[in-house]
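Work out the full structure: start from the sequences and follow the hints.
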Amino acid sequence: MGLEGDLESKPPCHPRACAIQDCLGRNNYQEAKCSNLIDALYECCDAFYRKHGDDATSASCPKANLLRLKMKQRQDEQEKRTS
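By this note's numbering, the letter at position 27 of the sequence shown is numbered 36, and the numbering carries on one by one without gaps.
I should point out that these hints are in silico values taken from the structure, not numbers from a laboratory.
In silico lysine to aspartate or glutamate, DMTMM-like type, Cα no more than 20 Å apart, as pairs:
hint, residue 1, residue 2
1, K19, D64
2, K42, E52
3, K42, D85
4, K19, D31
5, K81, E52
6, K81, D48
7, K81, E40
8, K79, D55
9, K72, D48
10, K89, D48
11, K79, D63
12, K72, D55
13, K42, E86
14, K79, E52
15, K89, E40
16, K79, D48
17, K19, D63
18, K72, E52
19, K60, E17
20, K42, E88
Spelled out as structure tokens, the structure:
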């Protein structure tokens, strides 16, 4: 399912949150091995908030302000690794 389909799921972005849980279970809860799926969830949640506003809620997404903080932290970490 693509981004639009994941946004329309009930709750929004739920397939991506489930993919993270499955990945963590398969990889002994090593978050680094599921990093691409975490980024995909954050992408979906960011699109969800852009579409519905920061006051919208989804059980699969962190609050909008926390999401943006986590996205910035992940971007900063990625930049450190590539520089």
